[in-house]
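Novice: One letter stands for each residue in the lines below.
Number of protein chains: 2
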Amino acid sequence: MFIFEVLAGDYRARRGRLSLPHGTVQTPAFMAVATQAAVKTMSPQEVRDTGTEMLVCNTYHLYLRPGHKLIQKAGGVSAFMGWHRPVLTDSGGYQIYSLAALSRTGDEGAEFQSHIDGSRHFFTPELVIEIQRALGSDIAMCLDDCPPFPVSRQQAEISVMRTTGWAQRCRTAAGADVNLFGIIQGATYHDLRRRSAEELLALDFPGYAIGGLCLGEPSALTYEITELVCSMIPPDKPRYLMGAGYPEDIINAVRAGVDLFDCVLPTRNGRTGTAFISTGRVLIRNAVYADDHGPLDPNCDCYTCRNFSRAYLRHLFLAGEALGPRLLSYHNLYFFQSLLRAIREAIACGRFDEWARQFLSRYAQVTGQDSDLVSVNRND
Amino acid sequence: MFIFEVLAGDYRARRGRLSLPHGTVQTPAFMAVATQAAVKTMSPQEVRDTGTEMLVCNTYHLYLRPGHKLIQKAGGVSAFMGWHRPVLTDSGGYQIYSLAALSRTGDEGAEFQSHIDGSRHFFTPELVIEIQRALGSDIAMCLDDCPPFPVSRQQAEISVMRTTGWAQRCRTAAGADVNLFGIIQGATYHDLRRRSAEELLALDFPGYAIGGLCLGEPSALTYEITELVCSMIPPDKPRYLMGAGYPEDIINAVRAGVDLFDCVLPTRNGRTGTAFISTGRVLIRNAVYADDHGPLDPNCDCYTCRNFSRAYLRHLFLAGEALGPRLLSYHNLYFFQSLLRAIREAIACGRFDEWARQFLSRYAQVTGQDSDLVSVNRND
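The listed protein sequences derive, respectively, from chains X and U. If you read the first sequence in the UniProt record's numbering, its first letter stands for residue 1, the second for the next number, and so on. If you read the second sequence in the UniProt record's numbering, its first letter stands for residue 1, the second for the next number, and so on.
Please keep in mind that the hints were generated in silico from the structure rather than gathered at the bench. Watch out, some of these pointers could steer you wrong.
Facing chain U, from chain X, some residues (calculated, C-beta under 7 Å) [unchecked claim]:
id : residue
1  : Ala38
2  : Thr41
3  : Phe308
4  : Ala319
5  : Glu321
Derived coverage of chain X by chain U (criterion: at least 3 residues anywhere in the stretch with Cβ under 8 Å from a Cβ of chain U; other residues may be distant) [claimed, not checked]:
id : stretch
6  : 6-13
7  : 43-56
8  : 67-74
9  : 77-87
10 : 352-363
Virtual Cβ for every residue (Gly too), placed ideally from N, Cα, C.
Construct the complete structure from the given sequences, taking the supplied hints into account.
Specialist: Here it is, written out as C-alpha cells:
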C-alpha cells in the first residue's frame with residue numbers, strides 16, 4: 001500500500017495525503033523522531049494526542065539494539081512500540097557517519113563499530129533492506145553515503161556515485177513489498193545535486209528524500225538546494241527533507257514543495273528546557289520565569305499549557321524532575337503539529353504566503369534568546 | 001475541613017473516609033510520594049488515573065526549593081503542581097536526619113545545611129507550621145525528632161521528650177486552620193512508644209502518625225510496634241504509618257488498624273526497573289524477558305500492561321529511554337492502588353483475613369528475585 005495524492009496546491013506548496021500500510025498521513029507532515037522505537041520521554045498515546053501521524057525510527061539503532069529479528073517477532077516496530085501507525089525508518093547512513101567509531105565506507109558498503117559495545121558490523125544495501133523489511137517499515141530508506149558539511153567537491157562526487165550504486169542495489173533488494181525512498185545527495189554543489197536527482201529518478205522510487213542538508217550549513221543554502229531538488233522531482237512523488245528543522249526552515253521548505261519533515265528539535269530542546277511558543281522560544285530555566293504563574297504559551301491549549309505555570313515548569317527543571325522534560329517535549333511536539341496543521345489549512349485556502357508572513361512576524365518576537373545550534377546534529 | 005468516618009471494620013482493620021479541604025480520601029489509602037511537588041516521572045493526570053487520591057509532599061524540600069512563599073502565591077502546593085486534590089506534607093524531621101549535612105538538633109529546633117547548596121537553616125516547630133500553612137497542606141505534620149535504627153535507649157528517650165515538646169509548640173502554632181497530625185516516636189522500646197503516644201494523645205491531634213519505623217528494622221518488629229501504637233490511638237482518629245511499605249507490610253499494618261500509607265517503592269523501584277506484579281516482583285532488565293512478548297502482568301489492566309510487552313519494556317531500560325521508568329512507575333502505582341482498593345473491599349465485606357491469605361499465597365510466587373532493601377531509605 002502506497003498512494004500519494006496531491007489534494008491542493010498554492011504555487012509550489014502542496015497539501016496532500018499519503019496512504020501507507022499502517023494508516024494515512026496528511027501532508028505536509030512532521031514526523032516525530034523515535035530513534036530507538038520511543039519518542040523520547042513520551043508515551044505513544046501522548047504522541048498521538050499532539051496530532052502526530054507518523055514516526056521516524058532508525059535502522060542502525062534498532063539493528064544494534066534490540067535487533068531487527070526480535071522486532072520482527074513482535075510484529076514489526078510499529079506494533080513493538082505500541083504505536084500501530086505509520087513508521088518510516090531511516091537507513092542508518094547518517095548514523096554511521098555521525099555516531100559509529102572507525103567507520104570505513106567502500107563501494108560494497110560501510111563497515112563500522114557499534115557506538116554501544118564496539119562490535120564490528122558491515123552494512124550493505126541488501127542488509128539495510130533486509131533489516132527494514134523485518135522492522136515492517138511503512139517507508140524504508142536507501143542506504144546512502146552522507147558526507148559532512150562542508151565537504152570537498154571530490155568527496156561529494158564520490159558520495160553521489162556511491163549513493164546511486166547503493167540505491168540500485170536497494171531497489172533490487174526491496175522488490176514490490178517495501179516502499180522505498182531514494183535519497184538525493186550532492187552536498188551544496190548544484191550540478192552534483194542535479195546528477196544525483198537524475199540518476200535516482202531513473203530508478204523510479206515511490207518517493208524521494210533530500211539528504212545531506214540540515215547539517216549546519218547556512219539556512220539560505222538549505223533553501224537554495226531544497227528548491228533546486230524539489231523542482232526536479234515529479235509532482236506525483238512525495239518529497240522528504242531529512243532533518244529539518246526550525247519552524248522558519250519548515251515554512252521555507254514547504255514553500256519549495258517539501259511534503260515530509262522530521263526533526264529532533266521538539267523533543268531534544270524540550271528535554272534541555274527550551275520551549276517553542278507562538279512568539280518564539282522560551283528558556284524555562286531563566287530566572288525571569290521564577291515567579292511567572294502564567295502558562296508557557298498563552299496561545300496554546302495543550303495539556304502542559306492548560307495545567308501548569310512557567311514557575312512550576314522552571315521548578316521541575318531546577319529540581320531535576322523528569323516531568324519537566326516530559327511536559328516541555330509534549331508542548332513542543334504539539335506546537336510543531338499545530339504549525340503543520342496551520343500550514344496545511346493555509347495551502348488548502350490558497351493563502352500560504354500570507355499566513356507564513358503573519359506567523360513569522362509574531363514568532364520573531366522573542367527569538368535570539370536561544371543560542372543552541374541544534375540542526376548540526378540530527379541524533380536524538 | 002477535617003472529618004474522619006469509620007465506615008466498616010473487620011476485627012482491627014478499618015474501612016473509612018477522610019474529608020479534607022481539597023477532597024475526600026477512601027481509607028485505607030496509599031498516598032503517592034511527590035517530595036518536590038511532582039510524583040517522579042508521572043503527570044498529575046496519570047497519578048489520578050492510577051486511583052491515587054492523596055499525595056505526600058515535603059516541607060524540607062519545598063522550603064529549600066522553590067520556597068514556600070512562591071508556592072503560597074501560586075495558591076498552595078496542590079494548585080502549584082496541577083494536582084488540585086488532597087496533599088499531606090511531611091514536616092522535614094526525617095529529611096534533616098537523613099539528607100542534610102551537619103545537622104544539630106537541640107531543644108529549640110534543628111539546625112542544618114541544605115543538601116542543595118550548603119546554606120544554613122534553622123527549623124523550629126513554629127517555622128515548620130508556618131511553611132506548611134503557606135503550602136496549603138490538607139494535613140500538616142509536627143516537627144519530630146526521628147532517630148535512626150538501631151538507636152540506644154538513652155537517645156530514643158531524648159527523641160521522645162523532644163518530639164513531645166515540639167508537638168506542643170506545633171499545636172499552639174497551628175491553631176484551628178491547620179489539620180495537624182502528631183508523630184509518635186520511641187524507636188523499638190515499648191515503654192517509650194507508650195509514653196510518646198500518651199503525651200501526644202493528651203494534646204488531642206485530629207490524627208496520629210507512627211514515625212521512626214520502616215527504617216530497616218525487621219518486619220516483625222515493625223508489626224509489633226505498629227500494633228502496640230495502633231491499640232493506643234482512639235478509633236475515631238486516623239492512623240498513619242509513615243514510609244510503609246511492601247505489599248506484605250501494608251497488609252500487616254492494615255490488620256493492626258492503620259489507615260494511611262505512603263512509600264517511595266512504586267516510583268523508585270519503577271525507575272530502577274523493578275515491577276510489582278500479582279505474582280511478585282519482576283526485574284525487567286533480566287535477560288529472560290528479552291524475547292517475552294507478553295504483558296508485564298497478565299492480571300493487570302493498566303496502560304502499561306494493555307499496550308506494551310516485557311520485551312519492549314526491557315528494551316526501553318537497556319536503551320536508556322525515559323519512557324521505561326515512566327511505564328514501570330505508572331504500573332507500580334496502579335498496582336499499589338489496586339491493592340488498596342482490594343483491601344478496602346475485603347474489609348467492607350468482612351473477609352479481610354481470607355482475602356489477605358489468598359493475595360499473599362499468589363504474590364509469593366516470584367519473590368526472592370529482588371534483593372534491594374528499599375525500606376531503609378524513605379527519600380524518593
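Novice: Look at each hint and say if it fits the structure.
Specialist: Cross-check of the supplied hints:
At its closest, the beta carbon of Ala38/X sits 4 Å from a beta carbon of chain U; the interface hint therefore holds under the 7 Å criterion. Evaluation of the Thr41/X hint against chain U yields a held restraint, the C-beta minimum of about 5 Å falling below 7 Å. Look at Phe308/X: its Cβ gets to within about 5 Å of chain U, closer than 7 Å, so that hint holds up. Given the 7 Å rule on beta carbons, the hint for Ala319/X holds: about 4 Å separates it from the nearest Cβ of chain U.
For the restraint placing Glu321/X at the interface with chain U, the shortest Cβ-Cβ distance is roughly 4 Å, inside the 7 Å limit, so the hint holds. Counting residues of the stretch 6-13 of chain X whose CB lies closer than 8 Å to any CB of chain U gives 0, so the stated coverage by that chain is violated, three being the minimum. Against chain U, the stretch 43-56 of chain X contributes 3 residues with a C-beta closer than 8 Å to a partner C-beta. That satisfies the three-residue criterion, and the hint holds. Counting residues of the stretch 67-74 of chain X whose beta carbon lies closer than 8 Å to any beta carbon of chain U gives 3, which meets the minimum of three for the stated coverage.
Note: the stretch 77-87 of chain X has 3 residues with beta-carbon separation from chain U under 8 Å; the three-residue rule is met and the coverage holds. Counting residues of the stretch 352-363 of chain X whose beta-carbon sits less than 8 Å from any beta-carbon of chain U gives 0, not enough to reach three: the coverage restraint is violated.
Of the numbered hints stated above, those contradicted by the structure are hints 6, 10, listed in ascending order.
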